[in-house]
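Protein chains: 2
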Amino acid sequence: MKNIVLASKSLDRGEIFKRANIPFEVMVTNIDEDEYKKEISNPIELVKQLANAKALNAKKKLAQENKEAIIVAADTIVELDGVIIGKANDEEHAFRILKKLVGKPHNLITGIAVTETYNPKIILDHDSTSVTFLDLTDKEIWDYIASGEWQGRAGAYSIREKASLFIEAIQGSSSNVIGLPMSKFYQILKKEFNQILL
Amino acid sequence: MKNIVLASKSLDRGEIFKRANIPFEVMVTNIDEDEYKKEISNPIELVKQLANAKALNAKKKLAQENKEAIIVAADTIVELDGVIIGKANDEEHAFRILKKLVGKPHNLITGIAVTETYNPKIILDHDSTSVTFLDLTDKEIWDYIASGEWQGRAGAYSIREKASLFIEAIQGSSSNVIGLPMSKFYQILKKEFNQILL
Chain A
6 MKNIVLASKS
16 LDRGEIFKRA
26 NIPFEVMVTN
36 IDEDEYKKEI
46 SNPIELVKQL
56 ANAKALNAKK
66 KLAQENKEAI
76 IVAADTIVEL
86 DGVIIGKAND
96 EEHAFRILKK
106 LVGKPHNLIT
116 GIAVTETYNP
126 KIILDHDSTS
136 VTFLDLTDKE
146 IWDYIASGEW
156 QGRAGAYSIR
166 EKASLFIEAI
176 QGSSSNVIGL
186 PMSKFYQILK
196 KEFNQILL
Chain B
6 MKNIVLASKS
16 LDRGEIFKRA
26 NIPFEVMVTN
36 IDEDEYKKEI
46 SNPIELVKQL
56 ANAKALNAKK
66 KLAQENKEAI
76 IVAADTIVEL
86 DGVIIGKAND
96 EEHAFRILKK
106 LVGKPHNLIT
116 GIAVTETYNP
126 KIILDHDSTS
136 VTFLDLTDKE
146 IWDYIASGEW
156 QGRAGAYSIR
166 EKASLFIEAI
176 QGSSSNVIGL
186 PMSKFYQILK
196 KEFNQILL
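Order-wise, the sequence lines are chains A and B. Here the first sequence is numbered in this note's numbering, starting from 6 and rising by one per residue. Here the second sequence is numbered in this note's numbering, starting from 6 and rising by one per residue.
Keep in mind that the hints were calculated from the coordinates and are not lab data. Treat the hints loosely; a few may be bogus.
All copies of an identical chain are treated as equivalent in the list; a pair is satisfied when it fits inside any one copy or across any two copies.
What the hints assert, rightly or not - Below, a list of computed lysine-lysine pairs in the DSS-like style, where the Cα atoms sit at most 25 Å apart:
| no. | residue 1 | residue 2 |
| --- | --- | --- |
| 1 | Lys23 | Lys92 |
| 2 | Lys14 | Lys65 |
| 3 | Lys144 | Lys196 |
| 4 | Lys196 | Lys65 |
| 5 | Lys23 | Lys7 |
| 6 | Lys104 | Lys195 |
| 7 | Lys43 | Lys126 |
| 8 | Lys144 | Lys195 |
| 9 | Lys42 | Lys105 |
| 10 | Lys144 | Lys14 |
Using the sequences plus the hints, can you model the full thing?
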């Protein structure tokens, strides 16, 4: 197996690879995400272009270091009715976001980009997982907000932490929910780069 | 919030509580699971009865120690076409199990029992999550088996480890897949024991 470089500083993504016993190195990229977010309003297109930019950034650095590797980059957003739901600025904002997410499924969409240091081929794909909350009262939403878990989280919640208490169901890839659609990655490596990760 | 006792030595279940920032104590129970498995062939009935037995066992110990607590117990099995899929005895057996699970969704069913030390009420419920594998070749199944991950696992795979590479989708509770249906637990505590866990 070739070396794998994960172009993401997300601890959750790293944990998925570690659990799967896949050796990898982390490369932090410097992309102006806000610029992309201003220009691209389509959620799927946005995450694919962000993943693409991160992968190309890592690819350039690896070429400068003469390091051959498979590069994987990803970006995840929360989407409801075609609109991107970002992070909350304060508790009132977190309440408005969570109130919208109660009683109606929303999607976690991850864009993934896979390439190699010396291979012009780059594959862009995405995976989408639907998430359904329990029906929460306003008081329950405020109780959750008091935990502070909403801070810095797209959609103002964290599925594997306290919010697990009110995630009724998901539909789609379970690793995608944590930020890395593993079966997509497996299939891309197999079909496009002739590598079997098992 | 009352003390919570988790009547399970499963590290995965404990991790779910820890991530959700729910204080709890673990109590290991001694139940003859094989006896239940011999007598009960219905998968849902089996996991509910196993959870019930674990909860009652913990309840008895807690009463002896004069410790008031909310007790939660759970048991998870893999089910395909109404039949319980157990653990594999050897690599050939693991292959036959995984071969069956490829190309057809199966269910992870968890039985949950919730009670309190000095409360005669005990609530039994279950949650079911459907899991769909990618279509794997025989060679890919054998490659996976070589990792040894099949050992000691119901269904001969571990969804959060290497098997994440070929889990195409799940449908249902994501915490249930790891052994504890958190939204069920939340609802039972709220409706039956008047406790809000948030």
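Open item on the list: Output the indices of the hints that this structure fails to meet, ascending.
Closed with: 7, 10
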